[in-house]
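**Q** For reference, the chains in residue letters:
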Amino acid sequence: MTLEGAIAVTRFGLGARPGEITLASKDPKKWLKDQLRDPSEFPIKNLLTSQGYILEKAALLAARKAETDDAAKLAVTEPFNKRYRAWAEAEHAERFRFATNSSIPFHERLTHFWSNHFTVSGRTRDILTAAAHEREAVRPFILGKFSALAESAILHPSMLIYLDNVKSIGPNSLFGLIGRIRKKGLNENLAREVMELHTVTPSAAYTQSDVTEFARALTGWTIASKRENKDFRGKAYFNPQRHEPGSRTVMGKTYFPLGPSQAKTIIRNLCEHPSTAQNIAFKLARHFTSDTPPLKLVERLRIAFIKSGGDLTTLYTVLIDSSELWNAEVQKIKTPYEMLISAARYMGIAEVFPTWPSDVYEGFGQTAFRAPTPEGWPDINRAWSGPDAIMKRIEWANKVAQRNSNLDAHEFLKGAVGLQLTTKTAEAIEQAESNQQALTMVLMCPEFQRR
Amino acid sequence: MKQAPLKFTRRTALGLLAAAGFNQPSFAKGVKNKNFIFVLLRGGMDGLSAVIPKDKELSSLRKTLTFERPKNLALNSEFELHPAFTSLKAFFDQGNASFIHACSTTYRERSHFDAQDFLETLGNNQVHDGWLNRTLKSFGGNGLALARSVPLALLGEADVANWSPPIFDEVTPDLLDRISTLFENDIELTQSLERARTNAIQDMPVNRRDSRRFNLHYEIALEAIGRIMSAKDGPGIAMAALNGWDTHVNQAVQLERKFKRLDDGFLALKTQLGPKWDQTCIVVCSEFGRTAAINGTRGTDHGTGGLVMLLGGAVAGGKVHGDWPGLKKKNLYQGRDLFPANDVTAVLKGVLRDHLGIDRNTLDRTIFPGSARALDGLIQS
Numbered sequence: 135m136t137l138e139g140a141i142a143v144t145r146f147g148l149g150a151r152p153g154e155i156t157l158a159s160k161d162p163k164k165w166l167k168d169q170l171r172d173p174s175e176f177p178i179k180n181l182l183t184s185q186g187y188i189l190e191k192a193a194l195l196a197a198r199k200a201e202t203d204d205a206a207k208l209a210v211t212e213p214f215n216k217r218y219r220a221w222a223e224a225e226h227a228e229r230f231r232f233a234t235n236s237s238i239p240f241h242e243r244l245t246h247f248w249s250n251h252f253t254v255s256g257r258t259r260d261i262l263t264a265a266a267h268e269r270e271a272v273r274p275f276i277l278g279k280f281s282a283l284a285e286s287a288i289l290h291p292s293m294l295i296y297l298d299n300v301k302s303i304g305p306n307s308l309f310g311l312i313g314r315i316r317k318k319g320l321n322e323n324l325a326r327e328v329m330e331l332h333t334v335t336p337s338a339a340y341t342q343s344d345v346t347e348f349a350r351a352l353t354g355w356t357i358a359s360k361r362e363n364k365d366f367r368g369k370a371y372f373n374p375q376r377h378e379p380g381s382r383t384v385m386g387k388t389y390f391p392l393g394p395s396q397a398k399t400i401i402r403n404l405c406e407h408p409s410t411a412q413n414i415a416f417k418l419a420r421h422f423t424s425d426t427p428p429l430k431l432v433e434r435l436r437i438a439f440i441k442s443g444g445d446l447t448t449l450y451t452v453l454i455d456s457s458e459l460w461n462a463e464v465q466k467i468k469t470p471y472e473m474l475i476s477a478a479r480y481m482g483i484a485e486v487f488p489t490w491p492s493d494v495y496e497g498f499g500q501t502a503f504r505a506p507t508p509e510g511w512p513d514i515n516r517a518w519s520g521p522d523a524i525m526k527r528i529e530w531a532n533k534v535a536q537r538n539s540n541l542d543a544h545e546f547l548k549g550a551v552g553l554q555l556t557t558k559t560a561e562a563i564e565q566a567e568s569n570q571q572a573l574t575m576v577l578m579c580p581e582f583q584r585r
Numbered sequence: 004m005k006q007a008p009l010k011f012t013r014r015t016a017l018g019l020l021a022a023a024g025f026n027q028p029s030f031a032k033g034v035k036n037k038n039f040i041f042v043l044l045r046g047g048m049d050g051l052s053a054v055i056p057k058d059k060e061l062s063s064l065r066k067t068l069t070f071e072r073p074k075n076l077a078l079n080s081e082f083e084l085h086p087a088f089t090s091l092k093a094f095f096d097q098g099n100a101s102f103i104h105a106c107s108t109t110y111r112e113r114s115h116f117d118a119q120d121f122l123e124t125l126g127n128n129q130v131h132d133g134w135l136n137r138t139l140k141s142f143g144g145n146g147l148a149l150a151r152s153v154p155l156a157l158l159g160e161a162d163v164a165n166w167s168p169p170i171f172d173e174v175t176p177d178l179l180d181r182i183s184t185l186f187e188n189d190i191e192l193t194q195s196l197e198r199a200r201t202n203a204i205q206d207m208p209v210n211r212r213d214s215r216r217f218n219l220h221y222e223i224a225l226e227a228i229g230r231i232m233s234a235k236d237g238p239g240i241a242m243a244a245l246n247g248w249d250t251h252v253n254q255a256v257q258l259e260r261k262f263k264r265l266d267d268g269f270l271a272l273k274t275q276l277g278p279k280w281d282q283t284c285i286v287v288c289s290e291f292g293r294t295a296a297i298n299g300t301r302g303t304d305h306g307t308g309g310l311v312m313l314l315g316g317a318v319a320g321g322k323v324h325g326d327w328p329g330l331k332k333k334n335l336y337q338g339r340d341l342f343p344a345n346d347v348t349a350v351l352k353g354v355l356r357d358h359l360g361i362d363r364n365t366l367d368r369t370i371f372p373g374s375a376r377a378l379d380g381l382i383q384s
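Chains as they are written, first to last, in my numbering: chain A, 135 to 585; chain B, 4 to 384.
These aren't lab readings, by the way, just hints derived from the structure by calculation.
Mixed in with the good hints there might be a few duds.
Unchecked claim - Derived DSSO-like pairs: lysine-lysine, alpha-carbon spacing no greater than 30 Å straight-line:
| no. | chain 1 | residue 1 | chain 2 | residue 2 |
| --- | --- | --- | --- | --- |
| 1 | A | Lys207 | B | Lys279 |
| 2 | B | Lys140 | A | Lys417 |
| 3 | A | Lys318 | B | Lys333 |
| 4 | B | Lys66 | A | Lys207 |
| 5 | A | Lys387 | A | Lys466 |
| 6 | A | Lys318 | B | Lys92 |
| 7 | B | Lys37 | B | Lys235 |
| 8 | A | Lys360 | A | Lys387 |
| 9 | A | Lys199 | B | Lys333 |
| 10 | A | Lys163 | A | Lys417 |
| 11 | A | Lys207 | B | Lys331 |
| 12 | B | Lys331 | A | Lys199 |
| 13 | B | Lys66 | A | Lys466 |
| 14 | B | Lys37 | A | Lys199 |
| 15 | A | Lys207 | B | Lys333 |
As the list claims (entries may be wrong) - To give a feel for the contact side, a few chain A residues facing chain B, derived at Cβ under 8 Å:
| no. | residue |
| --- | --- |
| 16 | Thr335 |
| 17 | Asn532 |
| 18 | Leu553 |
| 19 | Thr556 |
| 20 | Ala562 |
Unchecked claim - Stretch-level coverage of chain B by chain A, calculated; a stretch enters the list once three of its residues show a Cβ under 8 Å from a Cβ in chain A:
| no. | region |
| --- | --- |
| 21 | 59-65 |
| 22 | 155-165 |
| 23 | 337-343 |
Each residue gets a CB set at the ideal place from its N, CA and C atoms; glycine is no exception.
Can you build the whole structure from these sequences, using the hints too?
**A** Here you go:
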């Protein structure tokens, strides 16, 4: 076992499975780079595609519409609710299991990172399309060019719904002029978030008119209803009858009216803007080092982004080869979800959920696919290290230790923390009055709480 | 980068602002010890069941919905209060509670989540952070969310703590001591643990089953806010989000229970705040109101105009403020909802200006960009 092995597994990965630090210790950098060869495939047994979920929702609305009486409307909803609850539970369970069992945890970390960067979130039914978004629009694209990832994530049906582009209609389009749609008009939500969060950020000093122009270019990108287009029913497609005609000017560049490719070209150019390189470099560096990442690392990533034309695997390689990521001091506090996954990777899934998983997620204030805003889950320590949050972690650790008191705390410490262990922690755990208390302390030690 | 430990008080917060080169906000003088609590009732609370207009149209709209229970409590010549609100009635009579009926944001659709996001940001679609966080940023001091995670209204740059009842068993002081030792070289974790251990909430006697679902047991959530706020150096601004107001089915039965819990919570909050009650203003509102007419499952559906309640010793109470649009068919919004004659943002603006002393410029530009005029006369002068 080496220190670098432990760092590879905890800082880059998702926390050690038994024996994983030893495995990674042979050649930590190679162990990480080997994880970047192929896209990961997520099994969808028991789950639907985004199209399946969208059609299910359409069927629910149709069934309710067919009934006139309120009591009957309520009654037809029940089987839909039952299916929804089963899918929602499966989506959460499968995502957690996939991460827990992953033998390419660095790859999976990156998937979660990009899924959060291109957040789609729901509070009830929409968590299903949010889950499908990660599977269909993010997961297969994280090793390629940033612009390809961005295009797939932004123009995916789940994102078009989440950020209201399905409601956006060009005022001078056919639908805008003569269509019988009740609420006509431009909706700028998607355009604004793409510019502000996904790509250039406000540091690029774009104006309100740039947002509006981009929003006009995005009109037409929607989801087909049965009436609109049978072939694309429940899928994303471009409907020229909703699209605002004409050329658009965004951040000083003019885009000719070329239908669906007008918005695609704008997205590509936003991705290639220097401010986007800075944004992505900063966010990646912050995720893997600290809330205030080393400036040299950010700069190295920024230049690599520009030189490689936004090639993401090139950026990951820069991360692996940067000395800043290999120091022993742990800084980032794991999010609750990361903490649960890392514990499950050593202990087992059932072992880390002393009560219903949904209660545990909610108790910690982080349920996948339910991020509070399009910004996603915060990636800074203070969002997760408040007094109440730390007390909840202690109570959880105590309960988990109670239920798993046969697990050898010293083996766990060795297997999950490895040579990142500090003298302070070793001494404090040495003083524990029982194996169970020692287990609580392993789960709570800074080396395990941080990464 | 790790920071030195800080005991976070209002004074240190202002001191830090000064050290960072900011001028101390001018309103910091003279408004110390003011408390503001925002209570969000998620789901669309039926205002017409809480503060009941004496309009003759109501009985035909609501049929059996409002009339199978004890006598309503009298408020004034135009309105009555639901009989479950006995403490609230006493507050009203003492001049410690008032209402603004037919109140809404400028959001005009009927999605809970969009409406809640709108009400919690109130930023004219220009911003992601919450208006209460922007308020905290201007006002200074500590903010508290009584929630599992900080709700959108309190999300933003200003630091906000949250508290919620334990999900698992509480742990022994001995274990906490040991974990303190474990954290000794970790300033951030040490500071959090210390703050958690000194929290005034520790010995609150609550039933564990109920406390797990504290956002449906309103009395637990509101009492907890009172306890935390009344502590020395307690937060000046707090928020609770209470679920369960989407009463599509069997509304009368549901609301009787919920109103009682809310009323118990108001009383517990007042009791816990003690002398601080006099410097407190509590705003209670929901993302929208409900349909004026009863539906086919003895409930009501998502509507528009709702009810805002103001409580606390600082409130200019005993009144029903604002315009009353009436319930005649032609006066209903889209022929179905109570017309939104008053603006929630105008209410909040009036309260923040007159209670917390936040200046007009900050209110108009930073906290509620692009909003209507503040409503006057809500706070005792």
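**Q** Hints first: check each against the structure and report whether it holds.
**A** Cross-check of the supplied hints:
no., hint, in the structure
1, Lys207/A <-> Lys279/B, "violated (49 Å)"
2, Lys140/B <-> Lys417/A, "holds (25 Å)"
3, Lys318/A <-> Lys333/B, "holds (25 Å)"
4, Lys66/B <-> Lys207/A, "holds (21 Å)"
5, Lys387/A <-> Lys466/A, "violated (40 Å)"
6, Lys318/A <-> Lys92/B, "violated (45 Å)"
7, Lys37/B <-> Lys235/B, "holds (13 Å)"
8, Lys360/A <-> Lys387/A, "violated (37 Å)"
9, Lys199/A <-> Lys333/B, "holds (26 Å)"
10, Lys163/A <-> Lys417/A, "holds (21 Å)"
11, Lys207/A <-> Lys331/B, "holds (28 Å)"
12, Lys331/B <-> Lys199/A, "holds (28 Å)"
13, Lys66/B <-> Lys466/A, "violated (59 Å)"
14, Lys37/B <-> Lys199/A, "violated (50 Å)"
15, Lys207/A <-> Lys333/B, "holds (28 Å)"
16, Thr335, "violated (13 Å)"
17, Asn532, "holds (5 Å)"
18, Leu553, "violated (17 Å)"
19, Thr556, "holds (7 Å)"
20, Ala562, "holds (4 Å)"
21, 59-65, "violated (count 0)"
22, 155-165, "holds (count 5)"
23, 337-343, "violated (count 0)"
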